[in-house]
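Numbering (this note's numbering), first residue to last: 1 to 170.
Hints may be right or wrong, so weigh each one.
[As the list claims (entries may be wrong)] Taking lysine-lysine and the DSS-like style, the derived pairs with C-alpha atoms no more than 27 Å apart in a straight line are:
| no. | residue 1 | residue 2 |
| --- | --- | --- |
| 1 | Lys59 | Lys162 |
| 2 | Lys13 | Lys59 |
| 3 | Lys102 | Lys35 |
[Claimed, not checked] Pair by pair, the computed Cβ-Cβ distance ranges are:
| no. | residue 1 | residue 2 | range |
| --- | --- | --- | --- |
| 4 | Asp128 | Asn27 | 17 to 25 Å |
| 5 | Glu147 | Glu96 | 37 to 45 Å |
| 6 | Leu37 | Glu96 | 12 to 20 Å |
| 7 | Ala26 | Gln126 | 16 to 24 Å |
| 8 | Lys23 | Pro90 | 16 to 24 Å |
| 9 | Asn73 | Asp18 | 19 to 27 Å |
| 10 | Pro104 | Val45 | 30 to 38 Å |
| 11 | Lys59 | Gln126 | 34 to 42 Å |
| 12 | Gln52 | Glu75 | 32 to 40 Å |
| 13 | Glu96 | Glu31 | 32 to 40 Å |
| 14 | Pro104 | Asp60 | 38 to 46 Å |
| 15 | Pro107 | Gln39 | 14 to 22 Å |
| 16 | Met2 | Leu125 | 33 to 41 Å |
These aren't lab readings, by the way, just hints derived from the structure by calculation.
Every residue, glycine too, gets a C-beta built ideally from N, C-alpha and C.
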Amino acid sequence: MMNYILVAEEQEKKLIVDILGGKEVANNQIELLDKSLWQLVITGVGGINVIQTLQTLPKDGNYINIGYAGSANFEIGTIVAVTQSRLNHPNANYEEPVFTLKQPTFPLSQPFIQAPCYTNTDFVLQSDYADCIFDMELAFIMALGFENVVSIKHVSDNLSKKEYINSVKS
């Protein structure tokens with residue numbers, strides 16, 4: 001069974017080192033703290049990029065999605081292991097899947113909390129939702145039917161694009 005680490009952008013590769021304790025051992029090959037080897041895949045930002053990049057990967061592989069996320073109330077720098085994923089559409093109510101994610105069984109180099117993730121098609125600048133995070137890829141990853149997905153997110157901002165830009169630079 002193949003192992004994949006999914007990031008949206010090149011700049012998120014530093015989270016593999018900071019949070020997973022991983023290191024690149026070959027071109028796009030990552031070794032984690034437990035010595036397991038993972039193939040790095042950069043999906044691009046947003047749903048269409050995720051679908052185009054991941055649609056041919058095996059559904060029964062092991063996947064770690066790691067990246068940045070916003071939150072209305074979690075402190076910047078908080079590490080979140082995602083429990084559930086769904087789309088965020090606060091102005092419409094319709095039935096759709098809520099995806100349950102696996103929790104990490106591998107060592108992390110930082111403590112984490114657990115919370116749901118709402119996926120959006122744009123940067124979230126305000127929300128009444130608390131105790132959750134917002135991203136732009138995870139629900140699309142899950143909708144492709146992957147069976148074994150763990151998602152670890154670093155809270156980069158409190159729903160501020162300026163905070164996000166500053167957090168990613170550091």
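To test your reading of the hints: which numbers does this structure violate?
Going through the list in order, the structure violates hints 1, 4, 5, 6, 7, 8, 10, 14 and respects the others.
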